[in-house]
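Visitor: Protein chains in written order, with UniProt numbering: chain B, 1 to 97; chain L, 1 to 484.
Since the hints were derived computationally from the structure, they do not count as laboratory data.
Note that the structure is predicted; figures quoted are calculated from it, not measured.
Glycine included, each C-beta is placed from N, C-alpha and C at the ideal position.
Keep in mind that the hints are not guaranteed to be accurate.
With beta-carbon atoms standing in for the labels, derived distance ranges [unchecked claim]:
hint, chain 1, residue 1, chain 2, residue 2, range
1, L, Thr446, B, Ile51, 14 to 24 Å
2, L, Lys479, B, Asp9, 49 to 59 Å
3, L, Asn97, B, Ala75, 42 to 52 Å
4, B, Ala55, L, Leu421, 23 to 33 Å
5, L, Asn97, B, Met89, 14 to 24 Å
6, L, Ala321, B, Val69, 20 to 30 Å
No farther apart than 20 Å at their CA atoms in a straight line, the calculated lysine to any residue pairs in the SDA-like style are these [unchecked claim]:
hint, chain 1, residue 1, chain 2, residue 2
7, L, Lys255, L, Glu302
8, L, Lys65, L, Thr8
9, B, Lys12, L, Ser367
10, L, Lys379, B, Ala55
11, L, Lys84, B, Arg80
12, B, Lys94, L, His413
13, B, Lys44, L, Leu417
14, L, Lys93, L, Glu292
15, L, Lys414, B, Asp35
16, B, Lys12, L, Lys84
17, L, Lys84, B, Gly50
18, L, Lys379, B, Phe73
19, L, Lys414, B, Ala55
20, L, Lys287, L, Lys109
21, L, Lys393, L, Thr333
22, L, Lys93, B, Lys44
23, L, Lys460, L, Ile326
24, L, Lys479, L, Pro234
25, L, Lys264, L, Lys33
26, L, Lys33, L, Arg17
27, L, Lys93, B, Asp20
28, L, Lys65, L, Lys33
29, L, Lys410, L, Ala147
30, B, Lys44, L, Glu463
31, B, Lys44, L, Gln378
32, B, Lys28, L, Gly351
33, L, Lys410, L, Ala470
34, L, Lys93, L, Asn284
35, L, Lys460, L, Glu353
36, B, Lys28, L, Lys479
37, L, Lys109, L, Glu292
38, B, Lys38, L, Gln457
39, L, Lys254, L, Lys414
40, B, Lys38, L, His252
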Amino acid sequence: MAATSPNLDIEKLASLARIDLAPDEKEKFAAQLGDVLKYVDQLKRVDITGIEPTAHGFPISNVWAEDNVTPGFTADEALRNAPAQRDNMISVPKVVE
Amino acid sequence: MPINLPLTQVSSQLDSRAISAVELLQACIDRTKAVDSRVGAFNSFDEAAALAQARASDERRAAGKTLGPLDGIPVGLKDIISVKDQPLTASSKMLANYISPYDATVTRKLREAGAVFWGRLNLDEFAMGSSTENSAMGPTNNPYDLARVAGGSSGGSAAAIAAGEVTAALGTDTGGSIRQPASFCNLVGLKPTYGLVSRYGVSAYASSLDQVGPIARTVEDAAIMLSAIAGHDPLDSTSILAEIPDYRAALHQKKGPWRLGVPKEYFGDGLDPEVAAAVQTAINFYKNQGCEIREVSLPHTEYGIAVYYIVATAECSSNMARFDGIRYGHRSTAATDAVDIYSKTRAEGFGEEVKRRIILGTYVLSSGYYDAYYLRAQKVRTLIRQDFIDAYKQVDAIIAPTSPTPAFLKGSHKTPLEAYLGDIYTIGVNMAGLPGLSMPCGFTQTGLPIGVQLIGQPFKEAELLSIAHAYDSAHDWAKHLPNL
Numbered sequence: 001m002a003a004t005s006p007n008l009d010i011e012k013l014a015s016l017a018r019i020d021l022a023p024d025e026k027e028k029f030a031a032q033l034g035d036v037l038k039y040v041d042q043l044k045r046v047d048i049t050g051i052e053p054t055a056h057g058f059p060i061s062n063v064w065a066e067d068n069v070t071p072g073f074t075a076d077e078a079l080r081n082a083p084a085q086r087d088n089m090i091s092v093p094k095v096v097e
Numbered sequence: 001m002p003i004n005l006p007l008t009q010v011s012s013q014l015d016s017r018a019i020s021a022v023e024l025l026q027a028c029i030d031r032t033k034a035v036d037s038r039v040g041a042f043n044s045f046d047e048a049a050a051l052a053q054a055r056a057s058d059e060r061r062a063a064g065k066t067l068g069p070l071d072g073i074p075v076g077l078k079d080i081i082s083v084k085d086q087p088l089t090a091s092s093k094m095l096a097n098y099i100s101p102y103d104a105t106v107t108r109k110l111r112e113a114g115a116v117f118w119g120r121l122n123l124d125e126f127a128m129g130s131s132t133e134n135s136a137m138g139p140t141n142n143p144y145d146l147a148r149v150a151g152g153s154s155g156g157s158a159a160a161i162a163a164g165e166v167t168a169a170l171g172t173d174t175g176g177s178i179r180q181p182a183s184f185c186n187l188v189g190l191k192p193t194y195g196l197v198s199r200y201g202v203s204a205y206a207s208s209l210d211q212v213g214p215i216a217r218t219v220e221d222a223a224i225m226l227s228a229i230a231g232h233d234p235l236d237s238t239s240i241l242a243e244i245p246d247y248r249a250a251l252h253q254k255k256g257p258w259r260l261g262v263p264k265e266y267f268g269d270g271l272d273p274e275v276a277a278a279v280q281t282a283i284n285f286y287k288n289q290g291c292e293i294r295e296v297s298l299p300h301t302e303y304g305i306a307v308y309y310i311v312a313t314a315e316c317s318s319n320m321a322r323f324d325g326i327r328y329g330h331r332s333t334a335a336t337d338a339v340d341i342y343s344k345t346r347a348e349g350f351g352e353e354v355k356r357r358i359i360l361g362t363y364v365l366s367s368g369y370y371d372a373y374y375l376r377a378q379k380v381r382t383l384i385r386q387d388f389i390d391a392y393k394q395v396d397a398i399i400a401p402t403s404p405t406p407a408f409l410k411g412s413h414k415t416p417l418e419a420y421l422g423d424i425y426t427i428g429v430n431m432a433g434l435p436g437l438s439m440p441c442g443f444t445q446t447g448l449p450i451g452v453q454l455i456g457q458p459f460k461e462a463e464l465l466s467i468a469h470a471y472d473s474a475h476d477w478a479k480h481l482p483n484l
């Protein structure tokens, strides 16, 4: 079962995804995702020569809106769910030393 | 009891003053308090807010200003659809304390139709799952057999109706998440054509596949709900500019007999024999009504799950990036710097299935693998869609099972892949952006509901609902209630 793909670098993926995985999660996910990747390998059997990719069931593109001012949130409403705030701003840890 | 009746009948009782909206809501409140500790359909509810809405409905009715068939109807919303000033958890620790600052467009439309919001309904975390077992709030149990799942991801929406806690509900469907729980709970569930219903204010999972739709007891109920929520929304640029018909009125403009296609790939290995027999009986009903039944082929069906779990996880990994602990939602207190805050917040806030899908989506989009996985999947998606377009040259709609099995036992899927394979008959509809409807078509010998699926042509919901209504109105599956 533990068909870990040789290319599946779980450390790197966790870092790219910004999720601090626990050691047991890394081991489990690597095996499970290896199984899923083995399963999706069947797509290599399909002849896709000359086939365009589909991004949406019904492609609609370039939808423009008039550049009008519309009502929005007040600062209080926009900040209500912020984990930490101060002086009408979202408070975050120091980014630059 | 009005709690076990279709929306149309409850609506008639309100109109005839046999019951008031407050009495109706109170019956739902009492029922919820009596059964939901066993069913687990609700994440939360706000009794005072709902009662205020019900009183306002009664006042409108007394003043002769009723807003239509939904005025005063208790409607439950999947806890991923924003309701102003109410919690939205998406059944995730990440949003445990989040309060929506605005209404989703579908919420606003239901509010304008007079619906009374009763309950925030459980789901697989961020709609990622097919059983409502992946919920930080605990699983939802099937009212017909509490040891079994209600389906998912809109399991709370389906179970709440089946248990008599709400009259109708909204769910969302990315790979079958409305239709499969509806089939597991003896209900009608409709996933509209992609673009018919606004996604604004609905927490996004896989944006090219997600669609909001109704779950209800009958096809006519679903038609009423769809009329209320469909239509263009300037806040969702993928919503279509089109006239929305009165879907309920359209039910009675019979345009049959129809040509129905039976896809041979949907009746292969893995289909439960009792499900196959019940679906075949429904097909025979249409045949006896004079419909032409024709075998069709959707040759790329076998690739649907592989394409889905690439496309959906890729979009998921992008959409979930917004949960970073900065602007809203959970923030880790263990973090010391700006990057650490993302990684620890996401480790603490997301459940296992969400993490797994983000990691898989990150992989298929990552440098060096994009063409091999994501781009290839999008091309196979084109072929899946083309299969349906080709079939519709011969038939008006497709008829098939909704799920290969009836509701399964909780904990019975031992691996993620095993769980994913159950979506085989619903996923193609999302890939192709088509409307799909599941309706009850019988029970197993052990009393589990079975659903039959009708798949329609893009934006032809009126026809799809008419076809479904022809069967649904001639049967009385909705009267088979669970023993709770």
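Visitor: Would you mind marking each hint as holding or not holding in the structure?
Guide: So, going through the hints one by one against the coordinates:
1. At roughly 45 Å, the beta carbons of L:Thr446 and B:Ile51 sit outside the given window of 14 to 24 Å.
2. The supplied range of 49 to 59 Å is met by L:Lys479 and B:Asp9, whose beta-carbon atoms lie about 56 Å from each other.
3. Take L:Asn97 and B:Ala75: their Cβ atoms lie about 19 Å apart, and the range 42 to 52 Å is violated.
4. Taking the beta carbon of each, B:Ala55 and L:Leu421 are about 25 Å apart, inside 23 to 33 Å as hinted.
5. About 20 Å separates the C-beta atoms of L:Asn97 and B:Met89, a value consistent with the hinted range of 14 to 24 Å.
6. Distance hint check: the CB atoms of L:Ala321 and B:Val69 are about 29 Å apart, consistent with the given range 20 to 30 Å.
7. Distance restraint check for L:Lys255 and L:Glu302: the Cα-Cα separation of roughly 33 Å exceeds the 20 Å cut-off, and the hinted pair is therefore not satisfied.
8. Annotation: proposed proximity of L:Lys65 to L:Thr8 holds, straight-line Cα distance about 19 Å (limit 20 Å).
9. Restraint check: the Cα-Cα separation between B:Lys12 and L:Ser367 comes to about 12 Å, which is no more than 20 Å; the hinted pair holds.
10. A C-alpha spacing of about 9 Å is found between L:Lys379 and B:Ala55, which places the hinted pair at or below 20 Å, so the restraint holds.
11. About 12 Å separates the Cα atoms of L:Lys84 and B:Arg80, which keeps this hinted pair within 20 Å; it holds.
12. Simply put, B:Lys94 and L:His413 have alpha-carbon atoms about 44 Å apart, too far for the 20 Å limit, and the pair is violated.
13. Pair hint B:Lys44 plus L:Leu417 holds up; C-alpha atoms about 18 Å apart against a cutoff of 20 Å.
14. Distance restraint check for L:Lys93 and L:Glu292: the Cα-Cα separation of roughly 51 Å exceeds the 20 Å cut-off, and the hinted pair is therefore not satisfied.
15. Of the pairs offered as hints, the one joining L:Lys414 and B:Asp35 holds, with about 13 Å between alpha carbons and a cut-off of 20 Å not exceeded.
16. For the suggested pair B:Lys12 and L:Lys84, the alpha carbons sit about 39 Å apart, so the restraint of at most 20 Å is broken.
17. Of the pairs offered as hints, the one joining L:Lys84 and B:Gly50 is violated, with about 47 Å between alpha carbons and a cut-off of 20 Å exceeded.
18. Taking the CA atoms of L:Lys379 and B:Phe73, the gap is about 41 Å. The hint is violated against a cut of 20 Å.
19. Between L:Lys414 and B:Ala55 the CA atoms are separated by roughly 32 Å; this puts the pair beyond 20 Å, and the hint is violated.
20. Our distance criterion of 20 Å between C-alpha atoms is broken by L:Lys287 and L:Lys109, whose separation comes to about 38 Å.
21. A threshold of 20 Å between alpha carbons decides the hint, and for L:Lys393 with L:Thr333 the separation of about 59 Å lies outside it, so the pair is violated.
22. As the CA atoms of L:Lys93 and B:Lys44 are separated by approximately 38 Å, the hinted pair breaks the 20 Å bound.
23. At most 20 Å may separate the alpha-carbon atoms for a hinted pair to count; L:Lys460 and L:Ile326 exceed this at roughly 43 Å.
24. At most 20 Å may separate the alpha-carbon atoms for a hinted pair to count; L:Lys479 and L:Pro234 exceed this at roughly 40 Å.
25. Restraint check for L:Lys264 and L:Lys33: not satisfied, since their Cα atoms lie roughly 45 Å apart, outside the 20 Å limit.
26. Simply put, L:Lys33 and L:Arg17 have alpha-carbon atoms about 25 Å apart, too far for the 20 Å limit, and the pair is violated.
27. As the CA atoms of L:Lys93 and B:Asp20 are separated by approximately 16 Å, the hinted pair is consistent with the 20 Å bound.
28. For the suggested pair L:Lys65 and L:Lys33, the alpha carbons sit about 32 Å apart, so the restraint of at most 20 Å is broken.
29. Under the criterion of a C-alpha separation no larger than 20 Å, the hint pairing L:Lys410 with L:Ala147 is consistent with the structure, at around 6 Å.
30. Under the criterion of a C-alpha separation no larger than 20 Å, the hint pairing B:Lys44 with L:Glu463 is inconsistent with the structure, at around 37 Å.
31. Distance check on the hinted pair: B:Lys44 and L:Gln378 sit about 13 Å apart at the alpha-carbon level, within 20 Å; holds.
32. With a C-alpha separation of about 14 Å, the suggested pairing of B:Lys28 with L:Gly351 holds against the 20 Å cut-off.
33. Distance restraint check for L:Lys410 and L:Ala470: the Cα-Cα separation of roughly 34 Å exceeds the 20 Å cut-off, and the hinted pair is therefore not satisfied.
34. Proposed proximity of L:Lys93 and L:Asn284 is contradicted: the alpha carbons are some 47 Å apart, above 20 Å.
35. At roughly 35 Å between alpha-carbon atoms, L:Lys460 and L:Glu353 are farther apart than 20 Å, so this suggested pair is violated.
36. Only pairs whose Cα atoms come within 20 Å are accepted, and B:Lys28 paired with L:Lys479 is rejected, the gap being roughly 45 Å.
37. For the given pair, L:Lys109 sits about 38 Å from L:Glu292 by alpha-carbon distance, which is inconsistent with the 20 Å threshold.
38. With a C-alpha separation of about 33 Å, the suggested pair B:Lys38 and L:Gln457 falls outside the 20 Å cut-off, and the hint is violated.
39. Taking the CA atoms of L:Lys254 and L:Lys414, the gap is about 46 Å. The hint is violated against a cut of 20 Å.
40. Taking the CA atoms of B:Lys38 and L:His252, the gap is near 49 Å; set against the 20 Å cutoff, the hint is violated.
In summary, the numbered hints that this structure violates are 1, 3, 7, 12, 14, 16, 17, 18, 19, 20, 21, 22, 23, 24, 25, 26, 28, 30, 33, 34, 35, 36, 37, 38, 39 and 40.
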